[in-house]
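Chain by chain, the residues:
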Amino acid sequence: MILNIVSIVLIALGLFFFAVGTLGILRFPDFYTRVQAAGKCDSLAAVLVLIGIAVYNLGDLSLAAVLVSIKILFIAAFVFISSPTATHAITDAALLIGVKPWTKEKNTP
Amino acid sequence: MERFFLAVGIALMLLMFLSLYRVLAGPTILDRMLGGNVIGTKTTALLLLIGLLYDNVGMFVDIAIAYAMLNFIATLGSAKYFLHRKSIHLEDISKG
Amino acid sequence: MKRRLERAGGQQLGDSSIIKTSVRLLVPFVQLFGLYVIVHGHYSPGGGFQGGVALGASFILLALAYDLKTSIRHFSEGANALLANTGALIYTGVAALCAVMGGLFLDYSALDKLIPLGPIEWRSFGIFLVEVGVGLAVMSIMVSLFWDISSGGEMDEGL
Amino acid sequence: MAKVVTFFVMFAFWVVMSGMFDAFHLSLGVVSCLLIAHFSHSLLLYGDPKSWGRGFFGILFYLPWLFWEILISNLQVTYIVLHPRMLDLIDPQLVRFKTSLKRPLSKVTLAQSITLTPGTVTVDIEEDELLVYALTASGAESLPGSAMERRIAAALEGGK
Numbered sequence: 001m002i003l004n005i006v007s008i009v010l011i012a013l014g015l016f017f018f019a020v021g022t023l024g025i026l027r028f029p030d031f032y033t034r035v036q037a038a039g040k041c042d043s044l045a046a047v048l049v050l051i052g053i054a055v056y057n058l059g060d061l062s063l064a065a066v067l068v069s070i071k072i073l074f075i076a077a078f079v080f081i082s083s084p085t086a087t088h089a090i091t092d093a094a095l096l097i098g099v100k101p102w103t104k105e106k107n108t109p
Numbered sequence: 110m111e112r113f114f115l116a117v118g119i120a121l122m123l124l125m126f127l128s129l130y131r132v133l134a135g136p137t138i139l140d141r142m143l144g145g146n147v148i149g150t151k152t153t154a155l156l157l158l159i160g161l162l163y164d165n166v167g168m169f170v171d172i173a174i175a176y177a178m179l180n181f182i183a184t185l186g187s188a189k190y191f192l193h194r195k196s197i198h199l200e201d202i203s204k205g
Numbered sequence: 206m207k208r209r210l211e212r213a214g215g216q217q218l219g220d221s222s223i224i225k226t227s228v229r230l231l232v233p234f235v236q237l238f239g240l241y242v243i244v245h246g247h248y249s250p251g252g253g254f255q256g257g258v259a260l261g262a263s264f265i266l267l268a269l270a271y272d273l274k275t276s277i278r279h280f281s282e283g284a285n286a287l288l289a290n291t292g293a294l295i296y297t298g299v300a301a302l303c304a305v306m307g308g309l310f311l312d313y314s315a316l317d318k319l320i321p322l323g324p325i326e327w328r329s330f331g332i333f334l335v336e337v338g339v340g341l342a343v344m345s346i347m348v349s350l351f352w353d354i355s356s357g358g359e360m361d362e363g364l
Numbered sequence: 365m366a367k368v369v370t371f372f373v374m375f376a377f378w379v380v381m382s383g384m385f386d387a388f389h390l391s392l393g394v395v396s397c398l399l400i401a402h403f404s405h406s407l408l409l410y411g412d413p414k415s416w417g418r419g420f421f422g423i424l425f426y427l428p429w430l431f432w433e434i435l436i437s438n439l440q441v442t443y444i445v446l447h448p449r450m451l452d453l454i455d456p457q458l459v460r461f462k463t464s465l466k467r468p469l470s471k472v473t474l475a476q477s478i479t480l481t482p483g484t485v486t487v488d489i490e491e492d493e494l495l496v497y498a499l500t501a502s503g504a505e506s507l508p509g510s511a512m513e514r515r516i517a518a519a520l521e522g523g524k
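Residue numbers (my numbering), protein chains in the order written: chain A, 1 to 109; chain B, 110 to 205; chain C, 206 to 364; chain D, 365 to 524.
No lab work stands behind these hints, which were simulated from the structure alone.
Take every hint as true, because none was put in to throw you off.
Under the rule of at most 35 Å between Cα atoms (straight-line distance), these lysine-lysine pairs were calculated in the DSBU-like manner: (1) C/LYS225 with D/LYS462; (2) C/LYS225 with C/LYS274; (3) C/LYS274 with D/LYS462; (4) D/LYS466 with D/LYS367; (5) D/LYS466 with A/LYS100; (6) D/LYS367 with C/LYS225.
Label pairs and their in silico Cβ distance ranges: (7) A/ILE70 with D/ARG460: 38 to 48 Å; (8) D/SER391 with C/ALA284: 19 to 29 Å; (9) D/LYS462 with C/ALA284: 37 to 47 Å; (10) D/LEU424 with A/ILE2: 20 to 30 Å; (11) B/LEU123 with D/SER391: 44 to 54 Å.
Listed next, the stretches of chain B that the computed footprint assigns to chain C, with coverage defined by at least 3 CB atoms under 8 Å from CB atoms of chain C: (12) 171–178; (13) 184–190.
Remember, predicted model here, so these are calculated numbers, not experimental data.
Each residue gets a CB set at the ideal place from its N, CA and C atoms; glycine is no exception.
Please model the entire structure based on the sequences and the hints provided.
Structure, rendered in structure tokens:
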């Protein structure tokens with residue numbers, strides 16, 4: 001029962017951060033600021049949802065369920081390593097191609 | 110509990126449709142890639158939720174790992190590709 | 206900033222040590238995942254083709270993070286051609302052996318006459334053998350397709 | 365040495381992945397792990413053997429703190445995203461600063477931690493200089509010599 005509540009809290013929190021990330025990539029003014037919202041909020045949200053699912057999966061305590069939960073944690077670790085790498089790759093490419101960053105001075109009259 | 114997972118899954122689907130706006134509207138090619146990457150991350154979570162709903166997580170975990178991996182490789186590959194082909198005009202694509 | 210612009214002239218993303226370190230940590234796990242998918246083809250989704258794609262993707266990842274030469278150093282062209290042919294040979298060999306032993310093409314239970322294990326076990330084991338063959342062939346074809354397309358067939362710098 | 369360690373790490377990973385303990389699948393696992401230990405041992409582990417264990421455990425102790433930090437700064441970004449007049453709050457800028465970390469692995473850990481913390485993205489590492497894109501001015505100012513850098517130094521470089 002406690003496990004269910006913990007997993008509900010984690011998944012709801014993850015969903016909230018997913019929503020914030022999506023809102024961020026819709027609202028921010030330029031590419032670099034969108035990366036901030038997308039790359040980060042999303043990776044934290046994904047990790048939270050995955051941990052929530054792993055906790056719920058421990059409900060029936062058998063060897064198979066535990067192994068599946070560890071596998072889900074592997075996905076979380078993978079997201080934790082790969083997501084910032086992908087963010088870094090996109091940002092680096094954007095700067096080298098020459099996408100202009102939005103700055104405060106230029107856009108305020 | 111099933112209803113909760115179903116609700117979360119539907120909410121994730123709606124968020125994916127919202128992210129699709131960034132993929133469609135651009136304005137630069139990198140924004141589209143970013144939108145695709147975000148959708149991919151959500152899909153990984155959604156696959157596991159579908160697994161919970163079908164009561165068969167062990168099977169969907171493998172698919173989710175493969176999906177997360179391919180999402181990463183696709184983003185890295187396309188970032189490198191568009192760096193290599195700098196002649197692609199960034200703004201032209203969105204203006205048609 | 207000056208060095209960054211020089212790098213932009215050379216158009217190299219692969220110089221980034223962040224990407225290199227992350228990829229080198231991930232590649233062995235991706236390879237093991239590919240082998241796992243091939244071997245567990247008859248219990249879980251996946252099988253030869255999907256596992257082969259995951260294995261090939263690990264070498265493509267290496268080629269993306271470093272350059273084509275590094276990926277060729279880890280997995281040479283000769284080994285690539287050898288594995289592609291071995292995979293195809295395992296597949297057709299097992300299939301044809303079934304036909305030679307008096308069954309249909311890919312009818313694994315006929316192999317029971319060769320080594321008596323029982324027809325049911327042979328069906329399971331035969332699928333396993335064929336999937337290993339398919340996985341090897343798919344991996345080599347994926348990698349060589351990437352090499353050829355990304356470097357225009359010259360096998361020098363790559364993407 | 366690297367091959368043996370890679371083999372055992374890979375075999376632990378295999379057992380968790382596979383979840384089948386009959387002789388057939390375990391022997392296949394041994395064969396697969398041997399193949400990977402032979403072909404990819406230079407990828408997973410490099411440098412001197414003594415630093416591997418400390419790197420692993422150092423990162424293990426560093427992670428909870430990092431997770432907490434990510435949560436806190438995520439809430440800050442959430443505040444910015446949900447604020448109606450968002451454009452007044454953000455002031456994006458490129459910052460470059462020198463890090464005192466020596467090992468490549470700890471530099472990359474620092475870069476990834478900066479990227480994972482919302483509000484800042486590491487764009488590039490050159491030697492010991494990091495180029496960081498920060499969303500707000502306060503985020504940019506707090507970067508050089510931050511608590512994160514000290515913790516990474518303690519976790520991965522301590523005692524040198």
